[in-house]
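Visitor: Residue numbers (the working numbering), protein chains in the order written: chain A, 8 to 394; chain B, -4 to 70.
Simulated from the structure, these hints should not be mistaken for laboratory data. Source: prediction; values computed, not measured. Using N, Cα and C, we set each Cβ at its ideal position, and we do this for glycine too. Be aware that one or more of the hints could be misleading.
Stated by the list, open to error - Using 25 angstroms as the maximum straight-line C-alpha spacing, the simulated DSS-like pairs for lysine-lysine come out as follows: (1) B:5 / A:94; (2) B:36 / A:94; (3) B:64 / A:94; (4) A:120 / B:5; (5) B:47 / A:94; (6) A:380 / B:5; (7) A:202 / A:216; (8) A:37 / A:86; (9) B:36 / A:380; (10) B:36 / A:55; (11) B:47 / A:55; (12) B:36 / A:120; (13) A:94 / B:17; (14) B:15 / A:94; (15) A:94 / B:18.
Unchecked claim - If you want the ones that stay clear, here's a sample from chain A, every Cβ over 12 angstroms from chain B, calculated: (16) 174; (17) 232; (18) 355; (19) 372.
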Amino acid sequence: MNSINKKIGGLVMSVKEMSAKEVARKVINKDELFILDVRNESDFNDWKMEGHNIEILNTPYFELLEGVEDIMDSIPTNKEVLVVCAKEGSSILVAEMLSDAGLSVSYLQGGMKAWSEYLEPVKIGDLTNGGEIYQFVRLGKGCLSYMITSNGEAAIVDSTRNPDIYVEFASKIGVKIIHVLDTHLHADHISGGRKIAEITNATYWLPPKDAEEVTFEYSPLDSGNVVNIGNTNIDIVPLYSPGHTIGSTSFVIDEKYLLSGDILFIDSIGRPDLAGLAEDWVGDLRETLYNRYRELSDNLVVLPAHFMIMEELNDDGSVAKPLGTLFEENHGLNIADEAEFRQIVTGNLPPQPNSYQEIRETNMGKMTPDDDKQREMEIGPNRCAVR
Amino acid sequence: MNADRLLDAKGLACPMPIVKTKKSMNDMETGQVLEIHATDKGAQADLAAWTKSGGHDLIQSTEENGVYKFWIKKG
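Sequences are here, hints too, so could you generate the full structure?
Guide: Rendered as structure tokens:
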């Protein structure tokens, strides 16, 4: 600690460590935070921390090696200041320099790498007969995953890469994971589904049409089959809803929640091109959004697998809205003309997620990159939606 | 490629490869070439950006078995 506690004019200015969890709380609480991001400009432009009251400045660390004088005027003294970099090394260096210059600052523990992986568990609600549903919000990357519990048993949906988070959470709340499900074969993040199933002896369910090339055993999710957890009536009813991928499946839970995967988001809709040609699947996407989902109850609360912008977060940090509200407010559900829909969905596609082909192959079991490589493949924003 | 000086930054994590590169460059003459070996993947983009902002010239870069090599001409 001595090395990072500096005595300046009798005052001890220290460099503090801030965890991704603490930052997540600040983002959800809409606290004010000033971030000095010292990564290079292209990494910063590709992907950065976001929040309602986050002010952010990008100055690469290698431009600050001579000193921080040039940026001192740009750093507020009335706000908490956090220095971030890719892993943490450079942010410590810069934080120490700012501390030497008389500021009290923190650095992000584990850097953007840790931020990319951090999950904030948020309870969405109670289910009939005592069950609960939790949403795991991956603030740094916009991925949402779920744990549904009933009578001591749990199901996990669309898990992210690190199985420990779910296994530990299940043990903390005293439930046993017996089912692991993915709504589709993900292209933007590596699924932890297979690993969780291995660790817990749970059944791993995948939509068969997305799983034709997978190299491991799984249970096929077919429309109409019901995955039960607990001894009560908490049924997970899969609903075949192609469009984002050919096999995309939605789940209706407890007649209350609609897990829409990457088909429908709060403020956008799924993109149809990540596993094939947009033109081939745009028709399926339209059919799902404009017909299949229309037949469902407006009261179902939509719980998607992603969010794209911080505005999609509710005040408690959750990402959820009634289907009826989305039919009114989500632009992607309100394009009456089919040709216009096709044009918008296939003509406005954002860049594809980083390493999306490799991520798909990893999720199929065709390649098994080491941990570092997997982490690196996932770095960056998710780009699964069309707005 | 001929270099006037070699900097071995293998095994060093960010920000050290650039800190050391900068230090080596300070001791060199304009037009001389520094060859750098590094294993930190982040060094790739950072060295390229640093070279540009410092007015130097990244002549060549390669990757072989996890070792990144760079040749930078002092500007």
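Visitor: Each hint needs a verdict: does it hold in this structure or not?
Guide: Hint by hint, here is what the structure shows:
1. This hinted pair checks out: residue 5 of chain B and residue 94 of chain A have alpha carbons roughly 17 angstroms apart, not beyond 25 angstroms.
2. With a CA separation close to 11 angstroms, the supplied pair residue 36 of chain B and residue 94 of chain A stays within the 25 angstroms bound.
3. Only pairs whose Cα atoms come within 25 angstroms are accepted, and residue 64 of chain B paired with residue 94 of chain A is accepted, the gap being roughly 21 angstroms.
4. In summary, the hint linking residue 120 of chain A to residue 5 of chain B is supported, as the alpha carbons are separated by about 21 angstroms, within the 25 angstroms threshold.
5. Between the alpha carbons of residue 47 of chain B and residue 94 of chain A the distance comes to roughly 23 angstroms, so the proposed pair stays at or under 25 angstroms and holds.
6. Our distance criterion of 25 angstroms between C-alpha atoms is met by residue 380 of chain A and residue 5 of chain B, whose separation comes to about 18 angstroms.
7. Straight-line distance between C-alpha atoms of residue 202 of chain A and residue 216 of chain A comes to about 21 angstroms, which keeps the hinted pair within the 25 angstroms bound.
8. A threshold of 25 angstroms between alpha carbons decides the hint, and for residue 37 of chain A with residue 86 of chain A the separation of about 13 angstroms falls inside it, so the pair holds.
9. Among the hinted pairs, residue 36 of chain B with residue 380 of chain A is consistent with the structure: their alpha-carbon atoms are about 11 angstroms apart, no more than 25 angstroms.
10. A hinted pair counts as satisfied when its Cα atoms are at most 25 angstroms apart, and residue 36 of chain B with residue 55 of chain A qualifies at roughly 19 angstroms.
11. Between residue 47 of chain B and residue 55 of chain A the alpha-carbon distance is near 22 angstroms, which keeps this suggested pair within the 25 angstroms criterion.
12. For the suggested pair residue 36 of chain B and residue 120 of chain A, the alpha carbons sit about 13 angstroms apart, so the restraint of at most 25 angstroms is met.
13. The hinted pair formed by residue 94 of chain A and residue 17 of chain B meets the criterion: a straight-line CA distance of about 21 angstroms does not exceed 25 angstroms.
14. For the hint linking residue 15 of chain B to residue 94 of chain A, the alpha-carbon distance of about 18 angstroms falls within 25 angstroms, and the restraint holds.
15. A hinted pair counts as satisfied when its Cα atoms are at most 25 angstroms apart, and residue 94 of chain A with residue 18 of chain B qualifies at roughly 22 angstroms.
16. With a cut of 12 angstroms on Cβ distances, residue 174 of chain A stays outside the contact zone with chain B, its closest approach being about 29 angstroms.
17. Separation of residue 232 of chain A from chain B is adequate, the least Cβ-Cβ distance of about 44 angstroms exceeding the 12 angstroms criterion.
18. The claim that residue 355 of chain A lies off the interface holds: its Cβ sits roughly 28 angstroms from the closest Cβ of chain B, which is beyond the 12 angstroms cut-off.
19. Against the 12 angstroms criterion, residue 372 of chain A stays outside the reach of chain B, whose nearest CB is about 25 angstroms from its own CB.
Every hint, counting from the list given before, is met by this structure.
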